[in-house]
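*Asks:* In the order they appear, the protein sequences are chains V and A. The numbers in numbering that gives the first Met the number 0 rise by one with no breaks, and the one at position 95 of the first sequence is 94. The numbers in numbering that gives the first Met the number 0 rise by one with no breaks, and the one at position 103 of the second sequence is 102.
By construction, these hints were calculated from the structure, which means they are not laboratory data. Wrong hints could be hidden among the right ones.
Said to hold, decoys possible - So the derived label-pair ranges between C-beta atoms look like this:
id: 1; chain 1: V; residue 1: V68; chain 2: A; residue 2: T160; range: 45 to 53 Å
id: 2; chain 1: A; residue 1: N163; chain 2: V; residue 2: L190; range: 22 to 30 Å
id: 3; chain 1: V; residue 1: A212; chain 2: A; residue 2: L28; range: 39 to 47 Å
id: 4; chain 1: A; residue 1: D166; chain 2: V; residue 2: R51; range: 48 to 56 Å
id: 5; chain 1: V; residue 1: R49; chain 2: A; residue 2: V188; range: 38 to 46 Å
In this text, a Cβ means the ideal position worked out from N, Cα and C, and glycines have one as well.
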Amino acid sequence: MSARPGFWRQVYDSVFRHKFGDTPRNRMLQITSNVFLHLHPATVRRHGLRLRYTWGMGGLSFLMFLVTVVTGVVLMFYYRPTAATAYIDMKNLQHEIPFGMFQRNMHRWGAHAMVILVWLHMLRVFLSGSYKPPREFNWGVGVVLLTLTMLLSFTGYLLPWDQLARWAITVGTNMAAATPFLGHQGPGAQLTGVTERTDVRALLLGGPQVGDAALLRFYVLHCVFLPLIASTFMIVHFWRVRKDGGISGPPATDSDAAAGRSGGQS
Amino acid sequence: MSAPRDDETLPDAVTTWPHLVRIELLATLAALSLLTAWSILVDAPLEEVADPNRTPDPSKAPWYFLGLQELLVYFDPWLAGVVLPTLIILGLMAIPYLDRNPLGNGYYTLRQRPFAIGVFLFGFVGLWIAPILIGVFCRGPGWNWYWPWEPWEIAKSPHLTNINLTDLLGIPAAIGGVLVAAWYSLGGVFWLWRRRTPALAQLGGGRYALTAFLLLTMAAVPLKMALRLLLNVKYVWVTPWFNV
Numbered sequence: 000m001s002a003r004p005g006f007w008r009q010v011y012d013s014v015f016r017h018k019f020g021d022t023p024r025n026r027m028l029q030i031t032s033n034v035f036l037h038l039h040p041a042t043v044r045r046h047g048l049r050l051r052y053t054w055g056m057g058g059l060s061f062l063m064f065l066v067t068v069v070t071g072v073v074l075m076f077y078y079r080p081t082a083a084t085a086y087i088d089m090k091n092l093q094h095e096i097p098f099g100m101f102q103r104n105m106h107r108w109g110a111h112a113m114v115i116l117v118w119l120h121m122l123r124v125f126l127s128g129s130y131k132p133p134r135e136f137n138w139g140v141g142v143v144l145l146t147l148t149m150l151l152s153f154t155g156y157l158l159p160w161d162q163l164a165r166w167a168i169t170v171g172t173n174m175a176a177a178t179p180f181l182g183h184q185g186p187g188a189q190l191t192g193v194t195e196r197t198d199v200r201a202l203l204l205g206g207p208q209v210g211d212a213a214l215l216r217f218y219v220l221h222c223v224f225l226p227l228i229a230s231t232f233m234i235v236h237f238w239r240v241r242k243d244g245g246i247s248g249p250p251a252t253d254s255d256a257a258a259g260r261s262g263g264q265s
Numbered sequence: 000m001s002a003p004r005d006d007e008t009l010p011d012a013v014t015t016w017p018h019l020v021r022i023e024l025l026a027t028l029a030a031l032s033l034l035t036a037w038s039i040l041v042d043a044p045l046e047e048v049a050d051p052n053r054t055p056d057p058s059k060a061p062w063y064f065l066g067l068q069e070l071l072v073y074f075d076p077w078l079a080g081v082v083l084p085t086l087i088i089l090g091l092m093a094i095p096y097l098d099r100n101p102l103g104n105g106y107y108t109l110r111q112r113p114f115a116i117g118v119f120l121f122g123f124v125g126l127w128i129a130p131i132l133i134g135v136f137c138r139g140p141g142w143n144w145y146w147p148w149e150p151w152e153i154a155k156s157p158h159l160t161n162i163n164l165t166d167l168l169g170i171p172a173a174i175g176g177v178l179v180a181a182w183y184s185l186g187g188v189f190w191l192w193r194r195r196t197p198a199l200a201q202l203g204g205g206r207y208a209l210t211a212f213l214l215l216t217m218a219a220v221p222l223k224m225a226l227r228l229l230l231n232v233k234y235v236w237v238t239p240w241f242n243v
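In isolation and in its complexed conformation, chain V is listed as follows (with noise of 0.2 Å):
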């Protein structure tokens, strides 16, 4: 009788801004009207969906992260940056903590497997030529993030304190010891005058060598630092995506493959 609604009727509608009959317009409206759906465009094209066409490597790359953020706010309850605690809280994880190694599991793993799809992200793109006009600059924050998503499990691969772990880390920044100009045993250390304590090593290590500072250091930019620039670079990544064209494909009318563009949405 009156057009006062429900109760829940009221609730729903204040979450769901559309109705769900399986209707075009309502598919449209889930996709603009959910903030994280909107990633998308309403519509795609149906070569964007063969797996054959993008292996999935994008998405899941992206998985991947998402597994490492939540697994590593879990850890981080459990972990202490400093030599005295962190190998202690990493035992601890193991055998004290429930489902520590399986959350510590996941973690590893999950960035491991990130590493290797992003690479197979980037080799899918280079083969299907996806990095050309309009995808340049696109393609260049892929190779940005390609960068970070290696420094990320860098920095990760440091904190369990363990000997594989310190003289991994070791190994890798002693590189930065020989950077020219910048290092102490590179190529024209004496023009600089960089010594052990202040060339590049040492900003990245907080000394001469992998000890408290270090693994400080890296935990801040491994859970920190290096997640917040990934994170922006991953938002202009997906939104260029989007303002590029969406998916790459084959030109979608006879003028696109006339003028050299690949088709999509514009």
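Position chain A against the provided structure of chain V, taking the given hints into account.
*Replies:* Showing chain A alone in chain V's frame:
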């Protein structure tokens, strides 16, 4: 948020919901199932506590950097660890501005871009994946070559004595710089010879110079490896400041 525009008019457009979202959900479930199973079955490694006084032999970098560590066998650290990685990153970023071939944009084709794909696969598989596999599976104590089935307890002979290329040839060390310059000037020679071909004319001088530099640097890596493995060459060019 972009309202649907001319997208629907495209003959093969479909709505993202449910067509794409469904695939993403299934892919997510499949990937998480695999990762969960893997994480239940295989534990992440944890060795003894870090000890600055006990250096393991070999000390290996994380596996994804083992390609670069493998380069250390053939190049000094400033090249293998700093200059070459920097050139890899910048070179990758430069690809879209150097590959001016309009064909093969948005579909797989080898026929329309054999050179680009050939170079990329050579770099990706030959210069990145292969050295990683070598580093993970075939490097043992002293960074000597151990097949995966060989026990590390058996000592291997240390490295052979290597000799600088200029000493091998019996010429002054400074000529090494000339050899390096000659290597890069191959790009100039090729330009003079082939600049009127459509591919190079389309590229133009600036883009060609950058492309030639990157390609010759890329090719120099296996060349130096061959010189070392076949002739025990240590350096091509020795100077008081750096060695190449």
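*Asks:* Of the hints given before, which are not true for this structure?
*Replies:* Of the numbered hints, all hold.
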